[in-house]
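Protein chains: 2
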Amino acid sequence: MWEVDEDILESITIGAGILGTGGGGNPYIGRLRARQVLRQHGPVTVLDPEELSSDAQIVCVGGIGAPTVGIEKVRDTQSYSAFRAIEKYTGITATALISNEIGGSNSVEELIPAAMAGLPVVDGDGMGRAFPEYHMKTFFVYGVPYVPMALCDEKGNTVIIPEAVSPEWVERIARAVTIQMGCVAVYAVAPMSAEQVVRTAIPRTLSLARDLGAAVREARQHQEDPVDAILATCPGIVLMQGKIVDLDRATTAGFARGSMTIDGLGHYHGQRMDIEFQNENLIARQGDAIVCTVPDLICLVDSDQGEPITTELLRYGFRVTVLGFPAPALWTTPEGLAVVGPRAFGYDTDYTPLNL
Amino acid sequence: MWEVDEDILESITIGAGILGTGGGGNPYIGRLRARQVLRQHGPVTVLDPEELSSDAQIVCVGGIGAPTVGIEKVRDTQSYSAFRAIEKYTGITATALISNEIGGSNSVEELIPAAMAGLPVVDGDGMGRAFPEYHMKTFFVYGVPYVPMALCDEKGNTVIIPEAVSPEWVERIARAVTIQMGCVAVYAVAPMSAEQVVRTAIPRTLSLARDLGAAVREARQHQEDPVDAILATCPGIVLMQGKIVDLDRATTAGFARGSMTIDGLGHYHGQRMDIEFQNENLIARQGDAIVCTVPDLICLVDSDQGEPITTELLRYGFRVTVLGFPAPALWTTPEGLAVVGPRAFGYDTDYTPLNL
Chain A
387 MWEVDEDILE SITIGAGILG TGGGGNPYIG RLRARQVLRQ HGPVTVLDPE
437 ELSSDAQIVC VGGIGAPTVG IEKVRDTQSY SAFRAIEKYT GITATALISN
487 EIGGSNSVEE LIPAAMAGLP VVDGDGMGRA FPEYHMKTFF VYGVPYVPMA
537 LCDEKGNTVI IPEAVSPEWV ERIARAVTIQ MGCVAVYAVA PMSAEQVVRT
587 AIPRTLSLAR DLGAAVREAR QHQEDPVDAI LATCPGIVLM QGKIVDLDRA
637 TTAGFARGSM TIDGLGHYHG QRMDIEFQNE NLIARQGDAI VCTVPDLICL
687 VDSDQGEPIT TELLRYGFRV TVLGFPAPAL WTTPEGLAVV GPRAFGYDTD
737 YTPLNL
Chain B
387 MWEVDEDILE SITIGAGILG TGGGGNPYIG RLRARQVLRQ HGPVTVLDPE
437 ELSSDAQIVC VGGIGAPTVG IEKVRDTQSY SAFRAIEKYT GITATALISN
487 EIGGSNSVEE LIPAAMAGLP VVDGDGMGRA FPEYHMKTFF VYGVPYVPMA
537 LCDEKGNTVI IPEAVSPEWV ERIARAVTIQ MGCVAVYAVA PMSAEQVVRT
587 AIPRTLSLAR DLGAAVREAR QHQEDPVDAI LATCPGIVLM QGKIVDLDRA
637 TTAGFARGSM TIDGLGHYHG QRMDIEFQNE NLIARQGDAI VCTVPDLICL
687 VDSDQGEPIT TELLRYGFRV TVLGFPAPAL WTTPEGLAVV GPRAFGYDTD
737 YTPLNL
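These protein sequence lines are chains A and B, in that order. First residue of the first sequence? That's 387 in my numbering, and the numbers climb one at a time after it. First residue of the second sequence? That's 387 in my numbering, and the numbers climb one at a time after it.
If you are wondering where the hints come from, they were derived from the structure by calculation, not from laboratory data. There's no promise every hint is true.
When chains are identical, the list treats them as one kind, so a pair holds in a single copy or across two.
[Unchecked claim] When the alpha-carbon atoms are kept at most 20 Å apart in a straight line, the in silico SDA-like pairs for lysine to any residue are as follows: (1) Lys541 with Glu554; (2) Lys459 with Ser439; (3) Lys459 with Ile565; (4) Lys474 with Thr647; (5) Lys474 with Asp393; (6) Lys474 with Pro548; (7) Lys474 with Glu549; (8) Lys629 with Leu651; (9) Lys474 with Phe731; (10) Lys474 with Val533; (11) Lys474 with Pro534; (12) Lys474 with Asp614; (13) Lys629 with Glu554; (14) Lys541 with Ile676; (15) Lys629 with Tyr654.
Generate coordinates for the entire structure from the input sequences, incorporating the hints supplied.
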């Protein structure tokens, strides 16, 4: 058990910005929003999954939409409305909250209703990174019900999906509603049991994000290499260091989609890497060779400061380090890969695990 | 109090095909669907609004989508699912059903859940014709709550909108969901009280449709002019008789939109009429002169048989009679015209009542 205060919040959003693989919503805006609520309501308690009581009822909340829109149309406390809407619909009183994904602003979205309702959050999430679509959660892959879910916007509109033929259908309907809501909305899913969370969540990702962020901040303070600090905290490899020389990005069908090209610098001079993204970075190639694909993590940080660079902030000329981290084990099973492997995103290739 | 059996069903769908002003869903398919349920469950009782008991709870059901799709993707008994979903969400047990619009298949959509649940229907509806959008109901114009509403498709997906900032927002969200559901879906709205129905519904439109259809069938049997029979039953005028010489129709944004041109024949030789539609016929012009606009009714029937011609069935070469009927009085108030007057459909003209 530990607490999220303003200082730890900053570390979490840096770490979750890295783990978000480019997506999950802008971490800086997420931090500002969560900070405002923490200032008003005080710190939030974090429970390890193993600390949940057997009769716990855990509601997952998350943002949905295009991160490119999320930096212009800032959310308010709609995740609290969505949380209360799902409590009301199910008639169940929640005892804790959990993040949908440890990525960007979504890593701290659950802190907002938790602080407002005076509830703890769980140290874990449903992805262990960020993914662009609703159904891409370990919860659902391993049998947790994907309905009812509630969707809220900042205007006062609420939509509940009580029945759907598959989690993909929830994604399809919720995405269409989100686009009408202005391309950014927040949702909450029916409560999970402690058993379900322990069995299906990616555990301890909030503390991992905290530790990653703390390591980056520490390195900055001592003018050490933040990339070394990241890799010492979370095992992974450097895939490329260089400069963004091309960027193609569009906000379409409710997502930020596109690709970038990075020309190597220093040790990587003469090399070139192409990365494609749908909110999150999906595949990294050097020429025809695939260097890293979903569900493994492809993460961009600013080479100097270790600051995560999310897809909505990508710009020509940025000096970046591309990091690769292996996917959580729950994703590399056949069931997991069917939902978030390269083929699930339309790539005609099998998943080859990152070579550490 | 009267009953809808198979024979009366046929009359209703002819009459509602006329009153539907081109929309409301294909009446023939609506008839087949309702007939199947009537055969299984027996006739349905129709109550005059004044016959409703003071504690009655009346659920409005209707179809939503593009009629052009509705003739290819036939609905099943989803209106029963939507009806039960709204009962479950509100916790209220309904005592009767009412049609959203006396147009095409929607005029008999409420018979399906009514027969299946063994409940009566109300002789009336929320439009007194058909209109393309959810919020265009006298119920909502005169203060009946427009939420919660439930939306169902044939696959097993259900969406509930418990809160929305306006009825137009329900339309916007429900339309986006309907497009995902395949451009055809069915909805049910939270129960109304007897007082609300008496005050805001267009009364006795189901019996009007029945009488119109019976008059057309009678005329056909005696080889009399069906158009004369229609006008003897429901006061209106002939706006044009002629041949469809041009048609432009597209299924876009969840609607069947387009326009047609009719060249006069016989007494109307040398005249030409243009009609624009969005599921329903909206405006009829001769040259620059507006002949008839919403909310007044512009209705096409086959000149020989009096068979209504809905927008999804329009074809080059059809010999048609264009009829005009005055809108119900609840629509010609400032509040009514704000929602369904010509300006509500983007026409830069005020409403001028049809000159009988």
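So, going through the hints one by one against the coordinates:
For a Cα distance limit of 20 Å, the shortest separation of Lys541 from Glu554 across copies, 13 Å, qualifies, whereas the shortest one inside one copy, 26 Å, does not. Taking identical chains as interchangeable, the C-alpha atoms of Lys459 and Ser439 are never at most 20 Å apart, the minima being 38 Å within one chain and 49 Å between chains. When the C-alpha separation of Lys459 and Ile565 is checked against a cutoff of 20 Å, the pair qualifies only within one copy, where the shortest distance is 13 Å, while the shortest distance between copies is 25 Å. Proximity of Lys474 and Thr647 under a CA criterion of 20 Å is satisfied in neither setting, with 47 Å inside one chain copy and 53 Å between copies.
Neither within a single protomer nor between protomers do Lys474 and Asp393 lie at most 20 Å apart by alpha-carbon distance, with minima of 34 Å and 46 Å respectively. Within a single copy, Lys474 and Pro548 get their C-alpha atoms as close as 12 Å, and across copies as close as 11 Å, so both meet the 20 Å cut-off. In this assembly of identical chains, Lys474 and Glu549 lie within 20 Å of each other by CA distance both inside one copy and across copies; the values are 16 Å within and 13 Å between. In this assembly of identical chains, Lys629 and Leu651 lie within 20 Å of each other by CA distance solely inside one copy; the values are 7 Å within and 73 Å between copies.
For a Cα distance limit of 20 Å, the shortest separation of Lys474 from Phe731 qualifies neither inside one copy, at 35 Å, nor across copies, at 37 Å. For the identical chains of this complex, Lys474 and Val533 are neighbours both inside a copy (14 Å) and across copies (16 Å), given an alpha-carbon limit of 20 Å. With identical chains, the CA atoms of Lys474 and Pro534 are at most 20 Å apart both within one copy (11 Å) and between copies (14 Å). Neither within a single protomer nor between protomers do Lys474 and Asp614 lie at most 20 Å apart by alpha-carbon distance, with minima of 47 Å and 57 Å respectively.
Taking identical chains as interchangeable, the C-alpha atoms of Lys629 and Glu554 are never at most 20 Å apart, the minima being 36 Å within one chain and 48 Å between chains. When the C-alpha separation of Lys541 and Ile676 is checked against a cutoff of 20 Å, the pair qualifies neither within a copy, at 43 Å, nor between copies, at 38 Å. For a Cα distance limit of 20 Å, the shortest separation of Lys629 from Tyr654 inside one copy, 10 Å, qualifies, whereas the shortest one across copies, 74 Å, does not.
Checked against the numbered hints above, the structure breaks hints 2, 4, 5, 9, 12, 13, 14 and satisfies the rest.
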